[in-house]
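Dock chain B against the given chain A, drawing on the hints supplied.
From first to last, the protein sequence lines stand for chains A and B. The opening position of the first sequence corresponds to residue 1 in our numbering, with each subsequent residue numbered one higher. The opening position of the second sequence corresponds to residue 1 in our numbering, with each subsequent residue numbered one higher.
Label pairs and their calculated CB-CB ranges:
#1 B:L507 / A:V92: 41 to 49 Å
#2 A:G102 / B:S439: 53 to 61 Å
#3 A:T78 / B:L63: 28 to 36 Å
#4 A:Q27 / B:A44: 43 to 51 Å
#5 A:L77 / B:T215: 22 to 30 Å
#6 B:E207 / A:R48: 21 to 29 Å
By construction, these hints were calculated from the structure, which means they are not laboratory data. Note that the Cβ used here is the ideal one computed from N, Cα and C, for glycine as well.
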Amino acid sequence: MEAVYALAIGVLVAAGVWLLLRPRTFQVIMGLSLLSYATNLFIFGMGRLEIQRPPILEGPAAEAVLYADPLPQALVLTAIVIGFATTALFLVVLLALRGLAGTDHVDGREPEP
Amino acid sequence: MTALLDHLPILPIAIPLFAGAVMLLLTESRRTLRNSLALGSLVAQLAVALALLYRTTDAAAHLWPEGIGVYAIGGWPAPFGIVLVVDRLSSMMLTLVATVALAALVYSMSHWDRPGQPFHTLFQLLVMGQNGAFLTGDLFSLFVFFEVLLAASYGLVLRGVGAARVRTGLHYIAVNVAASFLFLIGVALIYGTVGTLNMADLLGHVEALRPADRTLFDAGAWILGIAFLVKAGSWPLNSWLPGAYSVSVAPVAAGFAIMTKVGVYAVLRIGTLMSEDEAAAAILGEILYYVGLVTLVSGMIGMLATQHLRRLVAYSVIVSSGLLLASLGLGIEPVTPPVLFYLATSVLTTAAFFLLTGMTDRTRLLAPAAPEPASQGDILPVYMAFGVTSPDPYGTEEEVGAAIPAAMAFLGLMFVCCVLLVAGLPPMPGFVAKFTLLSVVLETAPAVGARNAGWVLAIAVLATGIVSIIALTRIGMRLFWSPAQRRTPRLNVVEAVPVAFLVLLCLGLTAASGPVMRFFEGTARSLHTPETYIETVLGTRAASEPRGDAR
Numbered sequence: 001m002e003a004v005y006a007l008a009i010g011v012l013v014a015a016g017v018w019l020l021l022r023p024r025t026f027q028v029i030m031g032l033s034l035l036s037y038a039t040n041l042f043i044f045g046m047g048r049l050e051i052q053r054p055p056i057l058e059g060p061a062a063e064a065v066l067y068a069d070p071l072p073q074a075l076v077l078t079a080i081v082i083g084f085a086t087t088a089l090f091l092v093v094l095l096a097l098r099g100l101a102g103t104d105h106v107d108g109r110e111p112e113p
Numbered sequence: 001m002t003a004l005l006d007h008l009p010i011l012p013i014a015i016p017l018f019a020g021a022v023m024l025l026l027t028e029s030r031r032t033l034r035n036s037l038a039l040g041s042l043v044a045q046l047a048v049a050l051a052l053l054y055r056t057t058d059a060a061a062h063l064w065p066e067g068i069g070v071y072a073i074g075g076w077p078a079p080f081g082i083v084l085v086v087d088r089l090s091s092m093m094l095t096l097v098a099t100v101a102l103a104a105l106v107y108s109m110s111h112w113d114r115p116g117q118p119f120h121t122l123f124q125l126l127v128m129g130q131n132g133a134f135l136t137g138d139l140f141s142l143f144v145f146f147e148v149l150l151a152a153s154y155g156l157v158l159r160g161v162g163a164a165r166v167r168t169g170l171h172y173i174a175v176n177v178a179a180s181f182l183f184l185i186g187v188a189l190i191y192g193t194v195g196t197l198n199m200a201d202l203l204g205h206v207e208a209l210r211p212a213d214r215t216l217f218d219a220g221a222w223i224l225g226i227a228f229l230v231k232a233g234s235w236p237l238n239s240w241l242p243g244a245y246s247v248s249v250a251p252v253a254a255g256f257a258i259m260t261k262v263g264v265y266a267v268l269r270i271g272t273l274m275s276e277d278e279a280a281a282a283i284l285g286e287i288l289y290y291v292g293l294v295t296l297v298s299g300m301i302g303m304l305a306t307q308h309l310r311r312l313v314a315y316s317v318i319v320s321s322g323l324l325l326a327s328l329g330l331g332i333e334p335v336t337p338p339v340l341f342y343l344a345t346s347v348l349t350t351a352a353f354f355l356l357t358g359m360t361d362r363t364r365l366l367a368p369a370a371p372e373p374a375s376q377g378d379i380l381p382v383y384m385a386f387g388v389t390s391p392d393p394y395g396t397e398e399e400v401g402a403a404i405p406a407a408m409a410f411l412g413l414m415f416v417c418c419v420l421l422v423a424g425l426p427p428m429p430g431f432v433a434k435f436t437l438l439s440v441v442l443e444t445a446p447a448v449g450a451r452n453a454g455w456v457l458a459i460a461v462l463a464t465g466i467v468s469i470i471a472l473t474r475i476g477m478r479l480f481w482s483p484a485q486r487r488t489p490r491l492n493v494v495e496a497v498p499v500a501f502l503v504l505l506c507l508g509l510t511a512a513s514g515p516v517m518r519f520f521e522g523t524a525r526s527l528h529t530p531e532t533y534i535e536t537v538l539g540t541r542a543a544s545e546p547r548g549d550a551r
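Pulled out of the complex, with its shape left as it was, chain A reads as follows (with noise of 0.2 Å):
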């Protein structure tokens, strides 16, 4: 499972970087939404994988070694939110450019036609 997981992890910051560096203000988006996907399952998986594990201890007397790390998955929680968050923002800003420059370029203009 660690590996399929830190594969997909892998794959997805990988296809983040290229769309991030690419002209188009919707590639960017795309690539900043896959970086943010890659670094939530990052911040999760730094909480050890575990299967039917609950997160939540029960009773004062509770095993901590059958229990999953609860921490990483509030962290995860938080930055979903505020990546969610700025990506909106993002997607505001993306269509304010558009409509005053007249192209969707991050930095950059159209080609000659």
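Chain B only, in chain A's frame:
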């Protein structure tokens, strides 16, 4: 009363948050109320910051032993709950934030806060993010506060529509969002290896790591360091900075003056807390010196190349970042006090200069606006989405308040003061800072085998002075001595006073440089004895458990 005073450390976060939220509810017609709320919030923050500053000095040693105050949010003890930690460094930064923000806010009330968008709310959130980043003792909440201040700054950069502004804003957002992901990856790696996010708790766990985990941890620390460097505006990750700073309106740019210093602060704070050998900033090791040096040089080249005053000031921000990083990267302990002094002066300097550029811009004769590439029909919905109806709401001359006499003389005087400040010439505090820095570097660098590095840094620092003089004199001559294309602008008192206030404050720093430097020496001492910090933060566990309340 004393129980209430224990809650002081949360106020720099709570006040702007509540003020900002309330201001969202106040419409444009309740301007007076909104403005007084904004002003009151910042004045209160300044008072709180000063109170915290007093509590961390030796004069108040009975309140907080070792000058470190710990505030456990929600009463949860240290490594498990999130703590706010007030020490000399953070209280000094809080004071700087409040001072600069107050000046920028008063300035903005001339007419800059007018159209559309909730300027005041965003501004309060910007201040809240900065305050929180300086206060928190937890890596993840550091990330959250970074995001708060960045999100507010995204909105502020975009104030006043225009294709150039939106385009630069887009670059700024893209770079900083990507950097935030790096930040998250670094934090996740650190948590995955040491199992804690409390800054004070890190060092103890790091020393116990297995070699394989240690490599992972170091990778995490490096990635985190790179994220900080992006925020600090260091080369080669700073191409967003001159653009973003030069398109934003003057008070916003002034509010940003401290933003790059948040990155420097993070490098310094985490560096000293994670290093085992107590060097100045071990998070990135020696590379910090080289990165800083290249940043310094690239900033100087930018200063020489640019023709636009606000862009030039933005490059001077890069230069000051480079100077700070390079000096910290030398890894010499006694370098910290002058570095902190320089940090404080450069924040005040850039803020004053950015505010000044808002006024000097108006000396230009109004040129006919360049035609927009797209047709009016396409653009109008965009403007309406931003709540304005014309392309450049700041080009018009509708201002409030009394004008000051002798506008040109005032502008010239302030310009000369700002040039002296940037260049670091006497009688400005930049001179004191650079002079002490150089003497310390040249004195102590040979002892740690960094003689050449010390000399290179000294030459670079001296070169920045000359370069700033050349670049700024050139622009100043065009600005003030070629009156054919210029006109005398009408300057408001509310605009002039903040600039004069910041410049006078700088002069005051020079006059009081002895006591100020002693304060910074104390700050450096407490920074370089992380054991005290760690013990104080983690010690609250034992102290607060029986009572169960917030300290």
